[in-house]
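Here is what each chain is made of, one letter per residue.
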Amino acid sequence: MSLSIENVAKRFGDHAALDGVSLEARQGEFLALLGPSGSGKTTLLRVLAGLERPDQGMVRFGGEDLLTMDARARRIGMVFQHYALFRHMSVAQNIAFGLQVRPAKTRPSRAEISDRVEGLLSLVQLEGLGGRYPAQLSGGQRQRVALARALAIEPRMLLLDEPFGALDAKVRRDLRGWLRRIHDETGLTTIFVTHDQEEAMDLADRVAILRDGRLEQVDTPEQIYEAPASAFVFDFVGDGVQAPGEVAGGVLTVEGWRTPAPVGALPGPVTMSFRGENTDMLPPHAEGVPARVISVLRRGGLSRATCEIGGRTLVLEAPQSLAAPGIEVRLAPRSYLLHPR
Amino acid sequence: MSLAPSPPFTGRPRRAWRKDSVLPGFPLALGITLTWLSLIFLLPLSALLLRPWELGLSGFWTVVTDPRVLAALRISFGAAALAATINAGLGLLIAWVLSRYTFPGRRVVDALVDLPFALPTAVAGIALTAIYAPNGPLGAPLAELGIRIAYTPLGIVLALIFVGLPFVVRTVQPVLEDLDREVEEAARTLGATPRQTAWRVVLPALAPALLTGVGLAFARAAGEYGSVIFIAGNMPLRSEIAPLLIVIKLEQFDYAGAASVGLAMLALSFTGLLLLNTLQGVLARRGRA
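Protein chains in written order, with the working numbering: chain E, 1 to 341; chain S, 1001 to 1289.
Hint data in this document are derived by calculation from the structure and do not stem from the laboratory. Using N, Cα and C, we set each Cβ at its ideal position, and we do this for glycine too. Hints are supplied without guarantee of correctness; some may be wrong.
Simulated restraints, written as ranges between beta carbons of each label pair [unchecked claim]:
(1) D1178(S) x P319(E): 35 to 41 Å
(2) L1030(S) x D70(E): 41 to 47 Å
(3) D1178(S) x A73(E): 27 to 33 Å
(4) V1123(S) x F12(E): 42 to 48 Å
(5) F12(E) x L1115(S): 48 to 54 Å
(6) R11(E) x T1193(S): 28 to 34 Å
Among chain E residues calculated to face chain S with C-beta under 7 Å, some are [what the hints assert, rightly or not]:
(7) L51
(8) L67
(9) T68
(10) A71
(11) R72
(12) M78
(13) F80
(14) A84
(15) F97
(16) G98
(17) V101
(18) W257
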């Protein structure tokens, strides 16, 4: 079933948490909501779960109007940032909760519930830990219990709020691959919120980037990295540098460097963005943006130099001859992006 | 710097009952604790324990099995248990309202809850009597319906509810405020109705605190004297509480008899509190271990 969000807005007092967001997700898609804190991504997730009621807009899921349904009836599994496990219940009781609260007519039998719990415990690789209490588990294990609990109700869609936010780096990487496998196995439409661009780019089929309650760009990770729709997106999804410039009469001027403007560039003030891996470092008499080497880090046969360009820094690979602090250089981007300023 | 020389190795690890803590000087801290407890609690209590034996075992037994004493104990502890049970529900409700809703005057209501702590209990007893007496503003209409509150065991329960309420509210409220709202939201997304969420998720999380509060309210009510004697009517066998009986015996210079009733009360209270604390400990451990 596909999800369609149309022009959803939500205000908290004076603050517009969501300001007209429209978004589609295909059946079985793994979609990341990426943005800095306060960008509205969690609010959007809560609207989908039914925990927040939008002021306007439409949310349809498989032809159904989700907004007319209570959170209880939506059958959308949600994994909360801090897991929100029931601490007085054992792991098995936590997982079984969603089945046990069903009305007697649709509630599976005791044996079925216990079978289902066993199946989920092995899916999340926590066999034999059903009798433990959440307080006796590590962070990564709690995370997996929360996921198993959400999957127990056979949800039609899975929502995850910063699923790895509270875990250390190693556990994060392990769980990431594992979550992707679970998604591929269950085939559920999955939407997860993160502020970690690497996580979003690694994991998702498509990434939706939010800023101040608005959608900046929705695209595949490759497209977002290669063709960011705005200077904000460029800055958010990778390391690079942005310098103010000007396009006039077919000429682009950046930090005193003049070069023919790309075809179709609109005249006016622009932001020029480029990444270190697409940039060559050249001697000072060559063509390029003037810069100065601040520090050099040698690792193996390579030198990585940190350069300063008009007060901003960029890290890139440097040829041996230029890899010394204090040297004036020119930086020639092999490719760059211009966004109106 | 440590105040004590390091303990000699005795072959057994000593850490078992002494955990590292931020409080410095364990010997000093424990010393003060024990001295203080001895002076304040153990000394008077041991006097209470020793005094009744002046009568001999059979004398003690005669005193505590006297029908008037038995009736008084039944009334004191029965009314205290009933009041504590009512306070469990009422206090939970008040704590819920105070921590979950904002309404004009919330702070005033919040402060009012503590009033039974501060008010001399005799004042509370007199006020309750004035209101619920057969000629009082609430007592008169109730009397017409055939319900008498003042000068009956009902009045005792009422006074005990009054003195016990803050114990329940003040133990439950902070736990309720700390309770993670996400847990309730999780229950909702899993399909639980509000009632199921309250019963299966919120209440079990509150149970240890609620039990503690009920235990305190019960203990306080069992020994309550000041507010009860005004409203109870103090009819022997019917509405006479055990603490009053102790005072009566004291006035008759029957010190050993008074101590015997006191000892019986102590034993009953201690048993009740021990049961509640054990249950509370079991409930609390589940979530922490």
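Comparing the hints with the structure gives:
At about 60 Å, the beta-carbon gap between D1178(S) and P319(E) misses the expected band of 35 to 41 Å. For the hinted restraint 41 to 47 Å between L1030(S) and D70(E), the CB-CB distance of approximately 56 Å leaves it violated. Here the CB-CB span from D1178(S) to A73(E) is close to 30 Å, well matched to the stated 27 to 33 Å. One distance hint, 42 to 48 Å for the beta-carbon pair V1123(S) and F12(E), holds here, with the actual separation near 47 Å.
A C-beta distance of roughly 37 Å is found between F12(E) and L1115(S), which places it outside the suggested range of 48 to 54 Å. Between R11(E) and T1193(S) the Cβ separation comes to about 29 Å, which falls inside the hinted range of 28 to 34 Å. The restraint placing L51(E) at the interface with chain S holds, with a minimum CB-CB distance near 5 Å, inside the 7 Å limit. Of the supplied interface hints, the one on L67(E) is violated, with its beta-carbon coming no nearer than about 15 Å to a beta-carbon of chain S, more than 7 Å.
Of the supplied interface hints, the one on T68(E) is violated, with its beta-carbon coming no nearer than about 16 Å to a beta-carbon of chain S, more than 7 Å. Residue-level restraint check for A71(E) holds (minimum Cβ-Cβ distance to chain S is 5 Å; threshold 7 Å). Look at R72(E): its Cβ gets to within about 5 Å of chain S, closer than 7 Å, so that hint holds up. Given hint, M78(E) at the interface with chain S, holds; its Cβ is 4 Å from that chain's nearest Cβ, closer than 7 Å.
Interface hint status for F80(E): upheld, as the beta-carbon distance to the closest one in chain S is roughly 5 Å, under 7 Å. Interface restraint check: A84(E) against chain S, minimum CB-CB distance 4 Å, threshold 7 Å, status holds. With a least beta-carbon distance of about 6 Å to chain S, the hint placing F97(E) at the interface is held under the 7 Å criterion. Contact between G98(E) and chain S, as hinted, is supported at the beta carbon level, the nearest pair being about 4 Å apart and thus within 7 Å.
Interface restraint check: V101(E) against chain S, minimum CB-CB distance 4 Å, threshold 7 Å, status holds. With 7 Å as the threshold, the beta carbon of W257(E) stays out of range of chain S, its nearest partner Cβ sitting at about 52 Å, so the hint is violated.
Against the hints set out earlier in the document, violations occur for numbers 1, 2, 5, 8, 9, 18.
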